[in-house]
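Novice: Sequence:
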Amino acid sequence: MYQAPRGTTDILPQEQAYWRYVEQKIANICQLYGYERIDVPAFEDAGLFSRSVGEGTDIVEKEMYTFEDRGGSKVTLIPEGTASVCRAYIEHGLHNLPQPVKLYYLTSVFRYERPQAGRFRQHHQFGYEAIGSDDPALDAEIIDMAWQFFRSLNFHHLLLSLNSIGCKTCRPGYLAALKDYYAKYTDKLCADCKIRLARNPLRLLDCKERSCQPIADSAPRSIDYLCQPCAEHFSQLQRYLGLLEIPFAVNHRLVRGLDYYTRTVFEVQPEVEGGQSTIGGGGRYDNLIEGLGGKPTPALGFATGIERIISNLKKQNIAVPPLLGPQVFIAYAGNDAKDETIKLASILRRAGIAVIEAIGNKSLKAQLRQANTLGIRHAVIIGDQEIKTGTVILRDMTAANQMTLPTNDNYASIYTYIVSQ
RNA sequence: GUGAGUGUAGCCCAGAGGCCUAAGGCGCCAGGUUGUGGCCCUGGAUAUCGAGGGUUCAAAUCCCUCCACUCACCCCA
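Take any residue in the first sequence, note its place counting from 1, add 27, and you have its number in our numbering.
Just so you know, not all the hints are guaranteed correct.
Stated by the list, open to error - Keeping only pairs whose Cα atoms sit at most 30 Å apart, straight-line, the calculated DSS-like set for lysine-lysine is:
no., residue 1, residue 2
1, K195, K206
2, K195, K341
3, K221, K206
4, K215, K365
5, K415, K392
6, K342, K52
7, K365, K235
8, K235, K206
9, K392, K370
10, K389, K365
11, K221, K195
12, K215, K89
13, K322, K365
14, K52, K235
15, K235, K215
Stated by the list, open to error - For each label pair, taking beta carbons as the anchor points, the in silico distance ranges come out as:
no., residue 1, residue 2, range
16, G318, E259, 21 to 29 Å
17, Q30, E50, 22 to 30 Å
18, N399, Q126, 57 to 65 Å
19, E259, E118, 32 to 40 Å
20, R266, Q240, 30 to 38 Å
21, H119, E236, 39 to 47 Å
22, Y208, P274, 27 to 35 Å
23, D423, Q126, 28 to 36 Å
24, S238, K206, 18 to 26 Å
For the record, the hints were derived by calculation from the structure and aren't laboratory data. C-beta atoms are modelled at their ideal positions from N, C-alpha and C, and glycine is treated no differently.
Based on the provided sequences and hints, a complete structural model is requested.
Specialist: Below is the structure:
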């Protein structure tokens, strides 16, 4: 028997109300903040990600779905959205538009990982990017937008963490200080941290190993090593967030796993956490566009996982509006009545009424049972009697009563009644 | 990639070597007289007991291998 590939899921009809709800809030918030939609390909040239996300990151090192296509090109199913958006910005000359350019996307992303709660090999990300300005007001807007997005979904009890990890001027100095500090504790570090110290010192800070906590807690802080412009940028950002009344906590141990981040990084998480707690994150990437071959262009963005949003909606018991179902079910008894059913269904649908007609010559009882199971309010019943007298029965399943209506007016009275309900 | 747990019908699950030609609940289908749903009652269908091998007179039950799923780590949405 075939199963959905590991780490992928089918989104069944019963789940769709959550997806429509989230999609609608996405369209809404983007419209409010002036972000326009961009759709990027599901796969890209493999080199795009090693150059942007970073050669040494887990995503590039062990999680990419990369393969050669029939023409010998090396391609990768996109593991994130930012690189593609930046590629599109450069490719289509979007620097000719008034800056910053504001774009959002909603797309599948793919990472070859061991699945677990809140983690999949294919999942969906909503992300948005503002390209072409280093104004901290833009950082504030991006963060505010994320915060308002989650609020519009009715989330409460979310935490916003913020940090600044500097730029290419000041980061090297900080990394050196961090390494010096950690060098004193090499024998006390967990195995993973020993590797991090050599390969990716920033990641030392978010180690979850208990024995490493006190060491990480009193490690040098990136904000103490910021150059003047970065320090100024970070303090302006915090001031703006204060104006916006966005509650945030500076977390000195917040670093993010993608190499392209500079200056501002931030994350949103639910208060009560399970294994995978982060529901969204983002930051500034002032060197990325240039690194991909564009002109030096400061930018920043945010991304969030739809599956994690939905799982948190459920955890917090947040109700979503139900999808609209059919309004009318047409049941029949006899062949003449079946012909009439087919005609009536068509007439009602053309008039904009959602109709399910009975299919398969079942007993009237079975047909009405189906209408009931589907939760359809109105049932039209057509039988030999009705054909003879030129009428149909219109039954209100909720009120459990019914009436007889004429059909010689080309079903106008049926239509009028249903629309009036 | 590492570690732990679990695999019995569409779903939840009973079952601990022979009484299992596998129980129950939900759901599904059909009936409860003449053309009418929801509650109730009755009946029915659906399980190569994850796969393969082994032990045994006898295996869903014990052993081994594999596979899948779940959870956690790494990392991330």
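Novice: Does each hint fit the structure? Answer for all of them.
Specialist: Quick rundown of the hints versus the structure:
1. K195 / K206: 17 Å, holds
2. K195 / K341: 42 Å, violated
3. K221 / K206: 11 Å, holds
4. K215 / K365: 80 Å, violated
5. K415 / K392: Holds. K415 to K392 sits at ~21 Å (cutoff 30 Å).
6. K342 / K52: This hinted pair holds, its Cα atoms lying about 19 Å apart.
7. K365 / K235: 67 Å, violated
8. K235 / K206: 18 Å, holds
9. K392 / K370: 22 Å, holds
10. K389 / K365: 11 Å, holds
11. K221 / K195: 24 Å, holds
12. K215 / K89: Within the cut-off at roughly 28 Å; holds.
13. K322 / K365: Answer violated: K322 to K365 is near 68 Å, above 30 Å.
14. K52 / K235: Not satisfied, since the Cα-Cα distance of roughly 34 Å exceeds 30 Å.
15. K235 / K215: Given pair K235, K215 holds - Cα atoms ~14 Å apart, limit 30 Å.
16. G318 / E259: 21 to 29 Å: 24 Å, holds
17. Q30 / E50: 22 to 30 Å: 27 Å, holds
18. N399 / Q126: 57 to 65 Å: 58 Å, holds
19. E259 / E118: 32 to 40 Å: For E118 against E259, whose Cβ atoms are near 33 Å apart, the range 32 to 40 Å holds.
20. R266 / Q240: 30 to 38 Å: 31 Å, holds
21. H119 / E236: 39 to 47 Å: Given about 45 Å between the Cβ atoms, the range holds.
22. Y208 / P274: 27 to 35 Å: 31 Å, holds
23. D423 / Q126: 28 to 36 Å: 59 Å, violated
24. S238 / K206: 18 to 26 Å: 19 Å, holds
Comparing the model with each earlier hint shows violations of hints 2, 4, 7, 13, 14, 23; every other hint is respected.
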